[in-house]
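Start from the sequences, fold in the hints, and give me the full structure.
Heads up: the sequence lines are chains A and B, in that order. Counted the way the numbering used here counts, the first sequence spans residues 8 to 282. Counted the way the numbering used here counts, the second sequence spans residues 8 to 282.
By construction, these hints were calculated from the structure, which means they are not laboratory data. Everything numeric in this text was worked out from a predicted model, so none of it was measured. Hints should not be assumed to be uniformly reliable.
If several chains are the same, the list does not tell them apart, and a pair holds so long as it fits within one copy or across any two.
As the list claims (entries may be wrong) - Simulated pairs of lysine-lysine, DSS-like, Cα-Cα distance not exceeding 30 Å:
1) 12 to 56
2) 56 to 45
3) 12 to 268
4) 12 to 91
5) 189 to 268
6) 85 to 9
7) 12 to 45
8) 268 to 91
9) 91 to 9
10) 85 to 10
11) 10 to 91
12) 56 to 85
13) 85 to 12
14) 45 to 10
15) 56 to 9
16) 10 to 56
17) 9 to 45
18) 56 to 189
19) 202 to 268
20) 91 to 202
21) 12 to 189
There are 2 protein chains.
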Amino acid sequence: MKKLKRSARLVEMTQYLLDRPHTLISLTAFAERYQSAKSSISEDLAIIKEVFEDEGIGELHTLAGAAGGVRFIPKCRKEQALRKIEDVCSMLEQPDRLLPGGYLYMTDLLGQPGLLQDLGRMFATAFAERDIDVIMTVETKGIPLAHAASQYLNVPVVIVRRDHKVTEGSVVSINYVSGSTKRIQTMSLARRALKEQSRVLIIDDFMKAGGTIQGMVDLLSEFRAIVAGVGVLVESGEVDNEERLLHDYISLARLTEVDLKTRHIAVQPGNFFQP
Amino acid sequence: MKKLKRSARLVEMTQYLLDRPHTLISLTAFAERYQSAKSSISEDLAIIKEVFEDEGIGELHTLAGAAGGVRFIPKCRKEQALRKIEDVCSMLEQPDRLLPGGYLYMTDLLGQPGLLQDLGRMFATAFAERDIDVIMTVETKGIPLAHAASQYLNVPVVIVRRDHKVTEGSVVSINYVSGSTKRIQTMSLARRALKEQSRVLIIDDFMKAGGTIQGMVDLLSEFRAIVAGVGVLVESGEVDNEERLLHDYISLARLTEVDLKTRHIAVQPGNFFQP
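Here is the structure:
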């Protein structure tokens, strides 16, 4: 790479760091990349750190010493995130989202790249300190959320299938009972998808009683993997605590009321925003 | 936003632009955001433009005049992209990827956030000038690729389902014949997912004869939408041109040989890389 002036180097370093979240980059590597003294690199990093922290982009963690370097941890600020979630709640309250059975149409929201990035950053903030190795979700609607979080946590995604596809090779399958419908269903994951002892973050779009997520927890125990966290976009508040199978999770929004007759829907920010 | 020094402003503007690809941002908006003269902003943009172009991050298009501004178009450089695709080809050639029926296991690659971003940038480069309104894919393995491209083209994703889920509302379904297996299958898309006259980019992970993609093309005609492009990660080269249903597409890689007996797999860069 050709030698850059400080102004150009700041632009390049900014995009380099943004592209590599949760990755330790040594000062030596930066100094070589930019053919600059470590002291100059340190000054640049101080400028970037201040902007990232002031603007709610994330944190730059500096490690001193011979093995030292810098690590970019994407984070959102709670008050900025809350404003975005309040917008999501208003969108979810539109009466024409109500589908037969009291389900909400939210596929359109899960297709918007800007919104997905915001939601991914919220999950990445909630689970930044949990040492996540891999994110797991179940097809289909959890996938965009899982990938959005994966990008900011910089870990791979594995997708649990509801069917058994030929293109997965040998799989581990389990049966689970969907908490709300009480039906027995099957989910499976390719045997080679997950290493033993992996620390897994489970992400899904919607949780009622938690049967599907409990299924994923059971599947993880088949792989001797560890549940390091559970995050859902919307939890249904219409489930009482005794019915709920799962208690330790982060929700970004909470569906508190669905009235099929009046078509009234109420959605509030989830437990991620509780003080 | 507080007034920043030039160095801090460059950091902030870089991340602001990277976060908003294919979006026109007026000089006035930037000048107000940073409480700076438009002439200073123009100088900053010239620095960013040079770095983005030198490093193969993308282009900054400047529009002059009262309605003028700047637009960041993510692009990759062909020679950088080719090196990455050659890595992907080598990974796909590992004999243990071979599954019964001559399929290749590639789910692991489609879970890697860094690789997905590279692939998304390649699709975004190939289709940058096609005025894409929306990206369409079919569940399940195309979804991560579609979302990766969506992020760089800044357009939403719609997902075609192979089943009919209650949480989609009314759907349009079609039958199609999978080109390789000759079986009749069904795919469906929520009626509200797509506007008439939308310009649609179809993305999928794998194409053999093209039956599934032809199904999506037929589905689009039901919505009176326009096929603005077709991109696949891997095309099978084991199909002769007469058998192929589809001829206008971009592939990033091409599977040229699968020998079930010797377990030999050969994968080459796709037509995106042809001169």
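Hints, one by one, checked against the model:
Proximity of residue 12 to residue 56 under the C-alpha cut-off of 30 Å is found in both arrangements, the shortest distances being 19 Å within a copy and 14 Å between copies. Taking identical chains as interchangeable, the C-alpha atoms of residue 56 and residue 45 lie at most 30 Å apart whether they share a chain (16 Å) or sit on different chains (26 Å). Proximity of residue 12 and residue 268 under a CA criterion of 30 Å is satisfied in neither setting, with 65 Å inside one chain copy and 57 Å between copies. In this homomeric assembly, residue 12 and residue 91 come within 30 Å of each other (Cα to Cα) only across copies, at 28 Å, whereas the closest approach inside a single copy is 37 Å.
With identical chains, the CA atoms of residue 189 and residue 268 are at most 30 Å apart within one copy only, with a shortest distance of 24 Å there and 46 Å across copies. Taking the shortest Cα distances, residue 85 and residue 9 sit within 30 Å of each other only across copies (19 Å), while inside one copy they are farther apart (40 Å). Taking identical chains as interchangeable, the C-alpha atoms of residue 12 and residue 45 lie at most 30 Å apart whether they share a chain (15 Å) or sit on different chains (22 Å). For the identical chains of this complex, residue 268 and residue 91 are intra-copy neighbours only, at 29 Å inside a copy versus 55 Å across copies, given an alpha-carbon limit of 30 Å.
For a Cα distance limit of 30 Å, the shortest separation of residue 91 from residue 9 across copies, 21 Å, qualifies, whereas the shortest one inside one copy, 40 Å, does not. Taking the shortest alpha-carbon separations for residue 85 and residue 10, only the inter-copy value of 23 Å comes in at or below 30 Å, while the best intra-copy value is 39 Å. For a Cα distance limit of 30 Å, the shortest separation of residue 10 from residue 91 across copies, 24 Å, qualifies, whereas the shortest one inside one copy, 40 Å, does not. With identical chains, the CA atoms of residue 56 and residue 85 are at most 30 Å apart within one copy only, with a shortest distance of 19 Å there and 32 Å across copies.
Taking identical chains as interchangeable, the C-alpha atoms of residue 85 and residue 12 lie at most 30 Å apart only when they sit on different chains, with a minimum of 26 Å there against 36 Å within one chain. Proximity of residue 45 to residue 10 under the C-alpha cut-off of 30 Å is found in both arrangements, the shortest distances being 14 Å within a copy and 28 Å between copies. Within a single copy, residue 56 and residue 9 get their C-alpha atoms as close as 24 Å, and across copies as close as 16 Å, so both meet the 30 Å cut-off. Proximity of residue 10 and residue 56 under a CA criterion of 30 Å is satisfied in both settings, with 22 Å inside one chain copy and 16 Å between copies.
Proximity of residue 9 to residue 45 under the C-alpha cut-off of 30 Å is found in both arrangements, the shortest distances being 17 Å within a copy and 29 Å between copies. For the homomeric pair residue 56 and residue 189, neither the shortest alpha-carbon distance inside one copy (50 Å) nor that between copies (57 Å) is at most 30 Å. In this homomeric assembly, residue 202 and residue 268 come within 30 Å of each other (Cα to Cα) only across copies, at 29 Å, whereas the closest approach inside a single copy is 48 Å. When the C-alpha separation of residue 91 and residue 202 is checked against a cutoff of 30 Å, the pair qualifies only between copies, where the shortest distance is 25 Å, while the shortest distance within a copy is 36 Å.
With identical chains, the CA atoms of residue 12 and residue 189 are never at most 30 Å apart, being 64 Å at best within one copy and 60 Å at best between copies.
Violation of the numbered hints given earlier is confined to hints 3, 18, 21; the remaining hints are satisfied by the structure.
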